[in-house]
Amino acid sequence: MRYLSLTTADRQAMLAAIGVSSIDALFADVPQAARLDGLLDLPKAQGELEVERALSAMAAKNLVAGSVPSFVGAGVYRHHVPAAVDHLIQRGEFLTSYTPYQPEVSQGTLQMLFEFQTQIALLTGMDVANASMYDGATACAEAVMMANRLTRRKKAILSGGLHSHYREVTRTHARFVGFQAKLAEPDPEAKEDLAAQIDANTSCVVVQNPGTFGQVRDYSALADACHKAGALLIIVVNEAVSLGAVKSPGAMGADIVAGEGQSFGNALNFGGPHLGLFATRERYVRQMPGRLVGETVDADGRRGWVLTLSTREQHIRREKATSNICTNSGLCALAASIHISLLGEAGLTRLAALNHAKATMLADRLAAVPGVSVVNDTFFNEFTLRLPKPAAAVVERLARKRILGGVPISRLHPGKSALRNLLLVTATEMTTEADIEAFATALTQVLS
Amino acid sequence: MRYLSLTTADRQAMLAAIGVSSIDALFADVPQAARLDGLLDLPKAQGELEVERALSAMAAKNLVAGSVPSFVGAGVYRHHVPAAVDHLIQRGEFLTSYTPYQPEVSQGTLQMLFEFQTQIALLTGMDVANASMYDGATACAEAVMMANRLTRRKKAILSGGLHSHYREVTRTHARFVGFQAKLAEPDPEAKEDLAAQIDANTSCVVVQNPGTFGQVRDYSALADACHKAGALLIIVVNEAVSLGAVKSPGAMGADIVAGEGQSFGNALNFGGPHLGLFATRERYVRQMPGRLVGETVDADGRRGWVLTLSTREQHIRREKATSNICTNSGLCALAASIHISLLGEAGLTRLAALNHAKATMLADRLAAVPGVSVVNDTFFNEFTLRLPKPAAAVVERLARKRILGGVPISRLHPGKSALRNLLLVTATEMTTEADIEAFATALTQVLS
Amino acid sequence: MSDWSQAVSQFRTDPKSGGATVSGNRGLQIEEALIFEQDAPGRTGVDLPEPPAVKSRLGGVTREGPIGLPGLSEPQVVRHYTRLSQKNYAIDTGLYPLGSCTMKHNPRLNERMARLAGFADIHPLQPVSTVPGALELMDQLAHWLKTLTGMAAVALSPGAGAHGELCGIMCIRAALEARGEKRTRVLVPESAHGTNPATAAACGFTVDAIPANADGRVDVAALKAKLGPDVAALMLTNPNTCGLFERDIREIADAVHAAGAFFYCDGANFNAIVGRVRPADLGIDVMHINLHKTFSTPHGGGGPGSGPVVLAESLAPFAPTPWVVHGAKGFELIERAQGDARGSIGRLKGNHGQMGMFVRALSFMMSHGADGLRQVAEDAVLNANYLLAGLKDELTPAFPGTCMHEVLFDDHFLKDTGVSTLDFAKAMIDEGYHPMTMYFPLVVHGALLMEPTESESRDSLDAFIAVLRALAKRAKAGDAEYFHGCPRLAPRRRLDETLAARKPVLRWHPPQPDRQAAE
Amino acid sequence: MSDWSQAVSQFRTDPKSGGATVSGNRGLQIEEALIFEQDAPGRTGVDLPEPPAVKSRLGGVTREGPIGLPGLSEPQVVRHYTRLSQKNYAIDTGLYPLGSCTMKHNPRLNERMARLAGFADIHPLQPVSTVPGALELMDQLAHWLKTLTGMAAVALSPGAGAHGELCGIMCIRAALEARGEKRTRVLVPESAHGTNPATAAACGFTVDAIPANADGRVDVAALKAKLGPDVAALMLTNPNTCGLFERDIREIADAVHAAGAFFYCDGANFNAIVGRVRPADLGIDVMHINLHKTFSTPHGGGGPGSGPVVLAESLAPFAPTPWVVHGAKGFELIERAQGDARGSIGRLKGNHGQMGMFVRALSFMMSHGADGLRQVAEDAVLNANYLLAGLKDELTPAFPGTCMHEVLFDDHFLKDTGVSTLDFAKAMIDEGYHPMTMYFPLVVHGALLMEPTESESRDSLDAFIAVLRALAKRAKAGDAEYFHGCPRLAPRRRLDETLAARKPVLRWHPPQPDRQAAE
Ligand SMILES: Cc1ncc(COP(=O)(O)O)c(C=O)c1O
Ligand SMILES: Cc1ncc(COP(=O)(O)O)c(C=O)c1O
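Residue numbers (the numbering used here), protein chains in the order written: chain A, -13 to 434; chain B, -13 to 434; chain C, 225 to 743; chain D, 225 to 743.
Note that these hints are calculated values from the structure, not bench results. Be careful, since some hints might not be right.
Pair ranges (Cβ atoms, derived) [as the list claims (entries may be wrong)]: (1) C:GLU274 - A:ALA186: 51 to 61 Å; (2) C:THR286 - A:ALA420: 21 to 31 Å; (3) C:GLU721 - A:ALA379: 35 to 45 Å; (4) C:LYS406 - A:ALA186: 20 to 30 Å; (5) C:PRO273 - D:LYS406: 22 to 32 Å; (6) A:LEU25 - C:ALA482: 26 to 36 Å.
Taking lysine-lysine and the DSSO-like style, the derived pairs with C-alpha atoms no more than 30 Å apart in a straight line are [as the list claims (entries may be wrong)]: (7) B:LYS30 - B:LYS47; (8) D:LYS553 - B:LYS47; (9) C:LYS616 - C:LYS697; (10) B:LYS402 - B:LYS375; (11) D:LYS406 - B:LYS168; (12) B:LYS140 - D:LYS370; (13) C:LYS370 - A:LYS387; (14) A:LYS177 - C:LYS697; (15) A:LYS30 - C:LYS370; (16) A:LYS30 - A:LYS140; (17) A:LYS306 - A:LYS168; (18) B:LYS375 - B:LYS387; (19) A:LYS387 - A:LYS375; (20) C:LYS727 - A:LYS306; (21) D:LYS727 - B:LYS306; (22) B:LYS140 - B:LYS168; (23) A:LYS387 - B:LYS47; (24) A:LYS47 - C:LYS448; (25) D:LYS406 - B:LYS306; (26) A:LYS47 - B:LYS140; (27) D:LYS553 - A:LYS30; (28) B:LYS140 - B:LYS214; (29) D:LYS448 - B:LYS402; (30) C:LYS553 - A:LYS47; (31) D:LYS553 - B:LYS375; (32) C:LYS727 - C:LYS697; (33) D:LYS450 - B:LYS306; (34) A:LYS306 - C:LYS616; (35) A:LYS168 - C:LYS406; (36) D:LYS448 - B:LYS306.
Ideal Cβ positions, reconstructed from N, Cα and C, are used throughout, including at glycine.
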């Protein structure tokens, strides 16, 4: 077996050195009734070639997004990732190391995370960011729980423009952790007035920008309203590229930013692993969940980095920790950080402008399809269409024409008839004019 | 431009530091008439996405060997390369370093090459091997020239079983370097008697094993005949995997082994880059071409490696060098060496056995196709078929059925009507029973 | 620049501290500034076409002023991260005996498989009809996990082990609620990983610690004494974090069940028993599996992981969505707590879980097969015991007898040497080894927990043993000063963690204008 | 094992020589045994199915006895090569100023493109009708090379620069033979790279050296004096290996042509002028291009390279096969010296050249475009001159004035310091820099030839200048002993090259039985 380094002769010699006669002796503590004598009913070992063939056959059954015109987004975006990113994250020293507990031999990961924290703080306009969460949805739930701790209140108001997965994950936590999650009605037109709903029990209001229907709003007034009521404003960003063009949550007065960083450096991966982002104000840092890297000096006075403020964390504080999170999304953070480093200020602002321009072109073209209208008054790179028919069936028919035509809102909010005909479509820098034309043509056919 | 590190501001400041007013001043030595003022008529800079799309479109026009049943060999073989190989050779420290001129900071490449030299020496049964040549064909020409130097004779006899590219490359050298290359008739049945052709001017006889028609022979008697006449025996191996099953050239008494190592660790790559192998007897080492790595110690007495015996080489000896070769195939040697390390004794012997078994199954099945016979009395993993029709047209028709049905001998030896109906087919560990069946069925159809 | 020496001043150190070079570099160990310190305005490592001119649809909600990201070229970025990587220890570079972390070899085949476009380039919200292969893969993975554990169901979506714990404890709470019970206490051994009590507390339970007995296992009597009608669950790690199999586990399970509670197992140490013991046969009701441990998906310097949770029949109805089920027309994806999944606790994570990790784990399982996985457990245990045998007379084993996949020492062997477990660990760094897990579990003094995994060869273990023995001898010989100064040969010497926590600097800030002028 | 310390004895060194650890390792710098020393019989890193039983068709010509290859697992192999890699300096890790080698950034996009199945997984002998995209790529590359050089034709097949030289000189000989001339001499400047005289000699020519003049260029008068009816060619590098443009090049070309000879240009330094000067406009008849220099295909620690040769009309008919031509039905491949190619010198290499390098080079060219390539030349020249400006008062430039893409110093600045060019270079290693090219070209004493390429940032150059200045100062301050001991911080200190050459050990040998016993 290619991954095992011991030979039969080694095993014999080692058992002898240990002073036992057989391997079974080392499993003597296992209750007799639980000992498996034979092999489980699973296939035997296979070579690389066989495994590669079997898995490739499975992969080949899926419609690869990059092989067709694709307009699917809704929190997961298909951007172009420079080849250098995947090359660098595969370096064994990054890929096969653990959480940087031993800073003297983990400066690579630590410096990278310090840079990542800074990049995220800059992008979100916040003071500090952590070293990552599992994904945007769990980061959102953690943000709400942090707001609960900070305000000692137990009611969160979740916008109708917040991604339904984020709402559901937060609701699951609410049920078991014990707080109230008030879910506003889905709000394609972004007209809700959440300020009016804030009361003395409200720990936080959670909005998403751009919203899950694509709308872009300035939440500065809501921030003021929250703060006046002693509540916090949490802004979720799940298309991180938008931060290159849209006013930052920090500039709007957000207290916590929870987000999804997949757009930078990470592939679609059928939804995971992705990259939870978490940023806040300096004064709240000791209630933050997750790992934090801080600057310090070594015994020779040289600058270096360590994991810090671990008194927030489970391995030190156990049941009093701010969160139970341990393993997070380090390598996804690395991928994102490399991508952001490659882009730089000039590249990111242009990337954002390009996304916006492509989406604008797409919106103009699709609005010209008979029976189709654009719901949004504003958007960044995705927007909602109103179709004359249920969107799910339309998308299904488009797929048969080898076009991935976006996300029917009914997939995110099933059973709401008012939303049935809504379709969320996305454009990125990957979208070509030919893609747009193919989509418009196919949509015209499907709708006629 | 993403690959350029200077900004416009940098350029200005640097010109100032240099003390010139414009970049043109640094090109002042260029004759006026040769200065290009504008840009050449070529496309402008493009981003990764655009370049990727354009090249992918070109690549998509080719029929990928791995996507269809493929039986093409003739010196270039489609073996399974473990994923670890390509991962490791892409490490920047290997990929982006130069020839290891500074041994203190090149021990990685040097130790690897020392191991490679040892692996090749072991596989070929020779005393020493060099650090690589461009490919098998050029290694063959260099071997002949080395034999000429050693024997001070100027006539080489090239077997009819030697790959036609190797024969042609040697002949080109013969014309311009000034020696005689006697090319025996192509010899599908491996019946030629080269010993009879050796005379007092003969510096060497060059045979290939397995031969280009797939035949396997023991050349021990020929080695004796050569040595009796004061000539050298050069054995070419271009399916290096065969060395896991077939008697080694060293055991047959070869004086020089020239070969192709692509089978280990290297992709088809449409024919290049591949990996020239070169091995010989210890007593001839000072007439070897190419780089050699040798063991030594450092100032602290620690074992280490350096490039050595460079007094053979162009950078020291200039016009008296044994060869003009400088850059060779270092990274291909690394890929091969990693693959051989992964295989080890047990893996390589099994790989060779598997190739032989698959070829045997293929031969038995194809021999059952009406009108088809196997020419070979012996073979390792490829053999020659006699068809009832010209092979080139048959292969063309098979390709239209999406089967790569081998190499028509007429492609290697055009214009020889006796060879027109011969087809060289190859099996490796990649060949499945389904592939064999598909081939046999398609061949039956094409021939009927 | 008039004074060139400024160009390298950042990293220069006092010559006497080993930094005897002008550059601060030491041969191939090269210092590297922050990306923010390498900025040139306007420079970029990505070329994008000029965006077509369009009328903005942002509604005026546009960013004001620069973001502050630095501009670097691609060559600079590649060099930056290459250099950073070279400051890390990794499995690929050496033995990584971090106990409880199962730092085994990460096959490159798995990386290749996870990057197949049919897995990596599919969108979680593209029509389910276009991704049958993805659902098949998830179903296959579930089948392997259920067969290996003997459990009825598996929830794939948790993002890592701790997230799996949350999932498991939530399912237990949902089951209790379904029974109409409100139990408040969760029992957790003192030796447990920090995530266990943190999880229980996060779900609103009171954590009740149970002590270990003298041989490093749960004190069954103490446990039984704590059981009662308000106990929701026991969270037990098995083999436990002392590297010992809880030999009374079935008795424990029976007692827990008799008290009406659930038995949660922390499966972080599943590597010790995979293929030899099915957790279901031990009476376990629910267990998370760290795919990034037993099934070798790379740790990546801190994730991503994946923490599927296997569940007994009694808890299966509560598993979080999404579920992959076998429908009439092939695989189906239930995304909401309705229909068959109406009992589900609902969604715990965006989308469908860590697909990229699923592919790697399945590739690992298929490569090993039933036979290879059993051998994994045996070799992991054998290697740990070989370490124990090689070290037991020089170091002090925490408990008598053999161990499972990891071996625990305490710091008795360092008594009166002036050398602490930490000092000893830092000396290992100079010797080219990553230290073991230290000061965990909390049940022994100055713990040293070593887990070699099945990946290590005997030669590798022999060398490691030789080094640790030599270090132990050196400590006992009174050379404490040497240890206090370690590491001396790593990219950095000991770092001041107190300073970092006292005056947190959690991000880079542009130099202050006045400081700039002074420089 | 009774004495564990044997397990690490191989690498232990005398503590006083900096090897103060038991293992011989120094933190992340880890010693690594040869693969042959890590053998365990039967172990393998590749799992293959049992071969079906068949009757052997080898005719009894089977291998006798074992090959002697060691058995390692995949984890061991991955770690072995990872560790070895860490003992290398590379562009990815730092400035690599090796003059004449053009060590520029190697974009990873190019690696990805070369691995597209449509390029990497096609066979050179599959029907030409199935590879139109491959021929298109070769044709595109040819188009770029011809346009950039202004030449009529290009031969793609040579495997590297020296192979390209062979190709060019053979074409010249063929052209002379076609004219019925037998010329015997080739003129080569003293400063030429060793491959130039070696090539000329290999093709049966007498090599006649032409001296340099005081400003580092060809002595035109001396050249003219050597020209005559027996001269076949001049081989000239331009810009030359002193980093200078041969400003009399057109006069030289005219003189060569007037004598009936051909003008071969060594194009290794094309990076200095690409996009700003077309070699054809200088009167050059034939030139090789190292794709692994100007067009950035990675050097890979010694290849593979690719050395296409551009040819003027007069030499084009002699270009080696294969030729890619535009036929009636698209691209065609002429593999033999017949038909249109009847004048061809024939085949120089197996198959069709270094396809993998063609893809990378074309990707590089397309990425830069006409504009970017011109900027490459300008930035390469600017960077070299910036080094010159920063160093000229501390080191001694070999020639007055500005330079092209590389800058040459001699060792005058080290006069009477007891420090040689070599010592100086080894001190650079400790500072984290790869040394420049040394003692080449031969025309100046103790040459130091530095080529920063366009990839380096100004910050990087500033730091490099600062370090070299500090080292030069240190040498002049009389600290020769320091230099003689360098490097001290690299994986190895100075290696004994004399020993290596005197008693060549060119391969590993199994330990002798008696030695084994003694160990
Ligand atoms: C025993 C134990 N439980 C739980 C965990 C937490 O797992 P994760 O880091 O995947 O969240 C760990 C991880 O180290 C562990 O060792
Ligand atoms: C000036 C010059 N000519 C020729 C060569 C030989 O090129 P190659 O190594 O590609 O064969 C080199 C390589 O260093 C060179 O610098």
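Hints, verified against the model:
1. C:GLU274 - A:ALA186: 51 to 61 Å: At roughly 52 Å between Cβ atoms, ALA186 (chain A) and GLU274 (chain C) fall inside 51 to 61 Å, so the hint holds.
2. C:THR286 - A:ALA420: 21 to 31 Å: At 30 Å between Cβs, range holds.
3. C:GLU721 - A:ALA379: 35 to 45 Å: Distance hint for GLU721 (chain C), ALA379 (chain A) is violated at roughly 59 Å.
4. C:LYS406 - A:ALA186: 20 to 30 Å: holds (28 Å)
5. C:PRO273 - D:LYS406: 22 to 32 Å: 58 Å Cβ-Cβ, so the 22 to 32 Å window is violated.
6. A:LEU25 - C:ALA482: 26 to 36 Å: holds (33 Å)
7. B:LYS30 - B:LYS47: Holds, at roughly 24 Å.
8. D:LYS553 - B:LYS47: Measuring from Cα to Cα gives roughly 15 Å; hence the hint holds.
9. C:LYS616 - C:LYS697: With a Cα-Cα distance of about 13 Å, the restraint between LYS616 (chain C) and LYS697 (chain C) holds, given a limit of 30 Å.
10. B:LYS402 - B:LYS375: This hinted pair holds, its Cα atoms lying about 14 Å apart.
11. D:LYS406 - B:LYS168: With Cα atoms ~24 Å apart, LYS406 (chain D) and LYS168 (chain B) stay inside 30 Å; holds.
12. B:LYS140 - D:LYS370: Answer violated: LYS140 (chain B) to LYS370 (chain D) is near 38 Å, above 30 Å.
13. C:LYS370 - A:LYS387: violated (38 Å)
14. A:LYS177 - C:LYS697: Given that 30 Å is the threshold and the Cα spacing comes to 73 Å, the pair is violated.
15. A:LYS30 - C:LYS370: This hinted pair holds, its Cα atoms lying about 17 Å apart.
16. A:LYS30 - A:LYS140: violated (52 Å)
17. A:LYS306 - A:LYS168: holds (26 Å)
18. B:LYS375 - B:LYS387: holds (18 Å)
19. A:LYS387 - A:LYS375: Given that 30 Å is the threshold and the Cα spacing comes to 18 Å, the pair holds.
20. C:LYS727 - A:LYS306: holds (22 Å)
21. D:LYS727 - B:LYS306: holds (22 Å)
22. B:LYS140 - B:LYS168: This hinted pair holds, its Cα atoms lying about 11 Å apart.
23. A:LYS387 - B:LYS47: holds (23 Å)
24. A:LYS47 - C:LYS448: violated (53 Å)
25. D:LYS406 - B:LYS306: holds (22 Å)
26. A:LYS47 - B:LYS140: Violated - the C-alpha atoms of LYS140 (chain B) and LYS47 (chain A) are around 61 Å apart, more than 30 Å.
27. D:LYS553 - A:LYS30: violated (51 Å)
28. B:LYS140 - B:LYS214: Roughly 17 Å between the alpha carbons, so the hint for LYS140 (chain B) and LYS214 (chain B) holds.
29. D:LYS448 - B:LYS402: violated (51 Å)
30. C:LYS553 - A:LYS47: Since the Cα atoms of LYS553 (chain C) and LYS47 (chain A) sit roughly 15 Å apart, the hinted pair holds (cutoff 30 Å).
31. D:LYS553 - B:LYS375: With Cα atoms ~25 Å apart, LYS553 (chain D) and LYS375 (chain B) stay inside 30 Å; holds.
32. C:LYS727 - C:LYS697: Between LYS727 (chain C) and LYS697 (chain C) the Cα gap is close to 39 Å, so the pair fails against 30 Å, i.e. violated.
33. D:LYS450 - B:LYS306: holds (21 Å)
34. A:LYS306 - C:LYS616: violated (36 Å)
35. A:LYS168 - C:LYS406: holds (24 Å)
36. D:LYS448 - B:LYS306: It holds: about 25 Å lies between the C-alpha atoms, which stays within 30 Å.
Of the numbered hints given earlier, the model fails hints 3, 5, 12, 13, 14, 16, 24, 26, 27, 29, 32, 34; all others are met.
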